[in-house]
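Engineer: Residue-level listing of the chains:
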Amino acid sequence: MSEISWAGGRSPAQRMSGERQSANLADLLERILDKGIVIVGDIRVNLLDIELLTIRLRLLVASVDRAREMGIDWWEHDPSLSSKARQKEVPAAEEDASLESMREENRLLRERLAALEAAASGKENAE
Amino acid sequence: MTTPATTPATGPATGPAGAVYLYGVARDLTPGTLPALSGVGGAPVRTLTAGRLTALVSTVPLAEYGEAALRENLEDLAWLEETARAHHDVVARAAAAAPTAPVRIATLYRDDARVTALLGSEAAAFAAVLDRITGRSEWGVKAYLRKEPVTTRDPGGGPAPDAGPPTGPPPAGQGTAYLRRRQDERRRTDEAARRRSQRAADLHAELADHAVASRHHPPQDPRLSGRTQTQILNVAYLLDDDQAEGFLAVTRAIGDRVPELELEVTGPWPPYSFIDTAEAARA
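Each protein sequence line maps, in turn, to chains U and Z. According to the working numbering, the residues represented by the first sequence are 63 to 189, in order. According to the working numbering, the residues represented by the second sequence are 68 to 350, in order.
Source of the hints: derived by calculation from the structure; they are not laboratory data. The beta-carbon is built from N, C-alpha and C at its ideal position, and this holds for glycine as well. Mixed in with the good hints, there may be bad ones.
Not everything, but these chain U residues come out facing chain Z in the computed CB check (under 10 Å) [claimed, not checked]:
hint, residue
1, Ile105
2, Leu161
3, Met164
4, Glu167
5, Leu171
Negatives, chain Z to chain U, calculated, CB over 12 Å [as the list claims (entries may be wrong)]:
hint, residue
6, Asp156
7, Ala303
8, Gln310
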């Protein structure tokens, strides 16, 4: 069986390579690790280990920051792929909350200042 | 580590230091049609036949494929790649000769007799899988967005183009502006994501019309795929053999029609993605 791989859309000329190419590792692993008939063999490897491995491979991106700049952040939205997806909103919420509490503190301080000023001027008037 | 039984195996003995690695199960494989193949770790591939079913196997050393060794080796990307390629090569060659159901990587038995027994006890389950894939192949389609559609920056200027999302604490006294900027960023990201998924859905709908079945795979890690463009679609399609030509024509037509999409088509694959593991056989 000859395996072909070509990239479409390179108009006007399509690139079609007839020569046998070795499959892209990502294509291969997603088929061979995750798929196929699962039979319990005599030697048992915890399949969870394998799944962890594939997830780790998918996330093992030194270039995560760069990918994120380009808007590639799908893994962050998928709770099954990223613990960050579950925690994602926490930092933002914390930041928002700290701003909110600063505003509230400002308001209270102003009120207190006004009350003190009023009390001070009341004292002056009384004297 | 599992202690291998000392019962004599039919065919080549595996001995206490060996195990039998199973690649897949073919149906009606004419003897002699497979060339001499080397499989995982360079081990020769043998066939074990029971009725219409033929198991493709190799004898492998327990030192490498025992439980503990296997767990360690599967975490080694170089070992994994070599093993995966060898596994795939055997399955693909068998699939070219006869309908073949791939078995998950690293499925191991004590000896040949165990595999032969499996072919008998799970004959019905294998038949069901093989019925579904006979005369069919899997093709993979990945779609990349060549360029992100230009998103307009907010008129307020915003951060420098390469600044990315703000990370440090917000500058004091600019709380409202900061919050608005964050909100805008989120909105732009959401909008871009919405457009991407709509594109992916349209593309998939068109392709699925020309296939028997489809299965979505998660987008690939850029480092594994070697591609940095945004991958908006990664789907395996199961095609009848006579559908393949038309399907490929459709992918080419899409490439011409939608220049900002780059489609990468791979195949034919053995139908890895269409083996329903819900019917997994149990030994």
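Engineer: Now, for every hint given, state plainly whether the structure supports it.
Structural biologist: Outcome of the hint check:
1. Residue-level restraint check for Ile105 of chain U holds (minimum Cβ-Cβ distance to chain Z is 4 Å; threshold 10 Å).
2. Below 10 Å, beta-carbon pairs count as interface contacts, and Leu161 of chain U has one with chain Z at about 5 Å; its hint therefore holds.
3. The beta carbon of Met164 of chain U is positioned within 10 Å of a beta carbon in chain Z (closest approach about 7 Å), and the interface hint is therefore held.
4. Hint status for Glu167 of chain U: violated, given a least beta-carbon distance of 12 Å to chain Z, over 10 Å.
5. Taken as an interface hint, Leu171 of chain U does not check out: its beta carbon lies about 15 Å from the nearest beta carbon of chain Z, beyond 10 Å.
6. Not every Cβ of chain U is farther than 12 Å from the Cβ of Asp156 of chain Z; the closest lies at roughly 9 Å, contradicting the non-interface assignment.
7. With a minimum CB-CB distance of about 8 Å to chain U, Ala303 of chain Z fails to clear the 12 Å threshold, and the non-interface call is violated.
8. Every beta carbon of chain U lies more than 12 Å from that of Gln310 of chain Z, the smallest distance being close to 16 Å; the non-interface claim holds.
In the structure shown, a violation is registered for the earlier hints numbered 4, 5, 6, 7, in ascending order.
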